[in-house]
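A.B. asks: With chain A's structure known, arrange chain B on it following the hints.
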Amino acid sequence: MRLLVGLALLTLLVLPAFLSSYALTIFILILFYAFLGQAWNIVGGYTGQLSAGHAAFVGVGAYTAAMLSTEWGLTPWLGMFVGAVLAAALGAIIGYLGFRFGLRGFYFVLLTVAFAEVCRILVSNIDALGGALGLYITFTGNPRQFQFQDQRAYYYIALALMLFATGVVALIERRRFGIYLGAIREDEAACEALGVNTFKYKMLAMVVSSGLTGLGGAFYAFYLFSVQPNTVFGIPLSVEIIIRPIIGGAGTLFGPILGSFILTPLGELSRQYFGQSGLHGAHLIVYGVLLVSVVLFLPQGAYPYLRRLFKRA
Amino acid sequence: MTQQALLLDIQGLSKRFGGLQAVRDLSFTVAEGEIVALIGPNGAGKTTAFALLSGFLTPDSGRVVFRGHDLRGRKPHEINALGLARTFQIMRPFPRLTVVRNVMIATLGRHPRPAEAEARARAVLAELGLAAKADLPAGGLTLAERKRLELARALGTEPALLLLDEVMSGLNDTETGRIVELVRTINRRGIAILLIEHVMRAVMSLAQRIVVLNHGERIAEGRPEAVAADPRVIEAYLGDEEVSAAPA
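Chain order of the listed sequences is A and B.
Going letter by letter, the first sequence gives residues 25 to 337 in our numbering.
Going letter by letter, the second sequence gives residues -5 to 242 in our numbering.
If we strip away everything but chain A, and leave its shape as in the complex, we get (with noise of 0.2 angstroms):
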């Protein structure tokens, strides 16, 4: 296992040498959604806290980092982490809602969105924010404003995000934190009974989960020049981020990874395909058999799947 992931990993650092323009976007795409489905992995997977509205803590850590560097001059390089801190802190007040008031399943799933579509609606209609347009930032290609001619720099940020959402969730498997968020999602009672304090657990790892995504937000913002409401904080980039954990096993350490690397290049690829053929958004169609067939035939995801598959050879 461990040569494998050794591999793997020498090969994405070398990979970017290899890699034509448009390949090297599929890659820093899978990457990138690969962290994000990481980050979500904490609550959503780990804990089994259905968060459908991380693009909120995205969308908050996009704005941030954006506002900052455009309005204060501030660096993007720090503007993230200020990003990050108000992403969790966003998500510490979702959490309290959702757990202190014993939102389960269904009716936290409608709270997450429902925070999302507030954020959304509210940037759209604040000017200060530029509104529904968003905001544009400037290219001036300079490395300290996040900025970069050459595109493999965005590549391998991404990469470090990954590797550090990686880290991070690797970290917490291990130790107690982690052991309590298996147990939690399994049964909340019973974990009561044992002397966990769920809703502490719970907290953490909402914080710690929305904070990351919103590290991610700058990225976004950096990487495409620009922020927009209804792309950073709607619904179908929540889905986005759902959707490639649970593919590749939620709850998994490598299942984010995984589902980012099967689903992303089948997303993009699907998108210009259908695109050209003047059948915008049929990729959606892809992703929605791929998922039907994921929770028929593996409903715990392709990682555990392939795992299984490896021990017994």
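Bear in mind the hints are in silico, worked out from the structure with no lab data behind them.
Here a beta-carbon is modelled for each residue, glycine too, at the ideal position from N, C-alpha and C.
Treat the hints with caution; some may be incorrect.
Said to hold, decoys possible - Simulated restraints, written as ranges between beta carbons of each label pair:
| hint | chain 1 | residue 1 | chain 2 | residue 2 | range |
| --- | --- | --- | --- | --- | --- |
| 1 | B | Ala113 | A | Ala156 | 36 to 42 angstroms |
| 2 | A | Leu121 | B | Ser163 | 36 to 42 angstroms |
| 3 | A | Ala194 | B | Arg104 | 22 to 28 angstroms |
| 4 | B | Leu14 | A | Phe130 | 28 to 34 angstroms |
| 5 | B | Arg178 | A | Ala213 | 26 to 32 angstroms |
| 6 | A | Phe130 | B | Glu110 | 37 to 43 angstroms |
| 7 | A | Lys335 | B | Ala109 | 23 to 29 angstroms |
| 8 | A | Gly302 | B | Gly134 | 51 to 57 angstroms |
| 9 | A | Leu308 | B | Val59 | 57 to 63 angstroms |
| 10 | A | Ile117 | B | Arg104 | 31 to 37 angstroms |
| 11 | A | Arg128 | B | Gly134 | 22 to 28 angstroms |
| 12 | B | Ser21 | A | Tyr329 | 30 to 36 angstroms |
| 13 | A | Arg336 | B | Ala113 | 29 to 35 angstroms |
| 14 | B | Arg104 | A | Ala32 | 36 to 42 angstroms |
Stated by the list, open to error - Each computed SDA-like pair below joins lysine to any residue, with the alpha-carbon atoms no more than 20 angstroms apart:
| hint | chain 1 | residue 1 | chain 2 | residue 2 |
| --- | --- | --- | --- | --- |
| 15 | A | Lys335 | A | Val106 |
| 16 | A | Lys335 | B | Arg68 |
| 17 | A | Lys224 | B | Ala75 |
| 18 | A | Lys224 | B | Arg68 |
| 19 | A | Lys335 | B | Pro131 |
C.D. replies: Frame of chain A; chain B shown alone:
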């Protein structure tokens, strides 16, 4: 009554669900190291009383003092941390976690380092005869094994008082005998036990004192022989199938 120090002191506990007075003005005590049985016909309010003691339900009135702490307003995990552990009548293992992980959730409270918690958990499992199953998913255990896992988890929190909710129901004679022995061993280590049980043979052999509930009220309390001979108790059980299994 024993001369030992008071561990649990319940005074005037009441709980009402709509039109049903589930527990009415219930008072009794458990001393350190004692084994007390809570018995009564189905629907007498035993499990509700357990839920009130362990913080899963809030009493309408009354007071519970455990080791000098008033339990009012305390959450289940806080009560557990004070040293009061419960099992569930309907067992609640974490089915997808391994057996040892199940017990680790209990031992991590007092041993935050996973390696230590795991060692503790394995020791508890060995004591309860589940060592061979430690690394299997809990979902695959038999009923008797799940009962013992439930006991192992409660024990893993290192309680001073163990509330056992029907840990013998549904077991055959051999398995019941085994649990009776386990409960006795646990008690010998100084852990007080309050048990709800329908298996009268087990109750009579284990309990030093019996509290009888009917319609949420305490109708009798005392030594097993005295309670078994109490006409009010016989009346409460009359017509109930449990009577055939009663005092041997």
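A.B. asks: Hint says 22 to 28 angstroms; check whether the CB-CB distance for Arg128 (chain A) and Gly134 (chain B) agrees.
C.D. replies: Given range 22 to 28 angstroms: holds, Cβ gap about 26 angstroms.
A.B. asks: Looking only at beta-carbon atoms, does the pair Ser21 (chain B), Tyr329 (chain A) fall within the given range of 30 to 36 angstroms?
C.D. replies: 57 angstroms, violated
A.B. asks: Just to be sure I understand the hint, the distance between the Cβ atoms of Leu308 (chain A) and Val59 (chain B) should be within 57 to 63 angstroms; is that true here?
C.D. replies: About 60 angstroms separates the Cβ atoms of Leu308 (chain A) and Val59 (chain B), which means 57 to 63 angstroms holds.
A.B. asks: Taken at face value, is the distance from the CA of Ala75 (chain B) to the CA of Lys224 (chain A) at most 20 angstroms?
C.D. replies: 15 angstroms, holds
A.B. asks: Hinted pair, alpha-carbon criterion (20 angstroms max): Lys335 (chain A), Pro131 (chain B). Please report holds or violated.
C.D. replies: Judged against 20 angstroms, a Cα distance of about 17 angstroms means the pair holds.
A.B. asks: For a C-alpha distance cap of 20 angstroms, please report whether Lys335 (chain A) and Arg68 (chain B) respect it.
C.D. replies: 46 angstroms, violated
A.B. asks: Tell me if the beta carbons of Arg104 (chain B) and Ala32 (chain A) are separated by a distance inside 36 to 42 angstroms.
C.D. replies: Because 39 angstroms falls inside the window, the suggested range holds.
A.B. asks: Does the alpha-carbon distance linking Lys335 (chain A) and Val106 (chain A) stay inside the 20 angstroms limit?
C.D. replies: 44 angstroms, violated
A.B. asks: May I ask you to test the hint 26 to 32 angstroms on the CB atoms belonging to Arg178 (chain B) and Ala213 (chain A)?
C.D. replies: Given a distance of about 29 angstroms, which is inside 26 to 32 angstroms, the answer is holds.
A.B. asks: Note whether the CB distance of Leu121 (chain A) and Ser163 (chain B) lies within 36 to 42 angstroms or breaks it.
C.D. replies: 40 angstroms, holds
A.B. asks: Go ahead and decide if the range 23 to 29 angstroms is satisfied by the Cβ distance of Lys335 (chain A) to Ala109 (chain B).
C.D. replies: Since the Cβ atoms of Lys335 (chain A) and Ala109 (chain B) sit about 24 angstroms apart, the hinted range of 23 to 29 angstroms holds.
A.B. asks: Please check whether Phe130 (chain A) and Glu110 (chain B) have a Cβ separation lying inside 37 to 43 angstroms.
C.D. replies: 39 angstroms, holds
Violation of the numbered hints given earlier is confined to hints 1, 12, 15 and 16; the remaining hints are satisfied by the structure.
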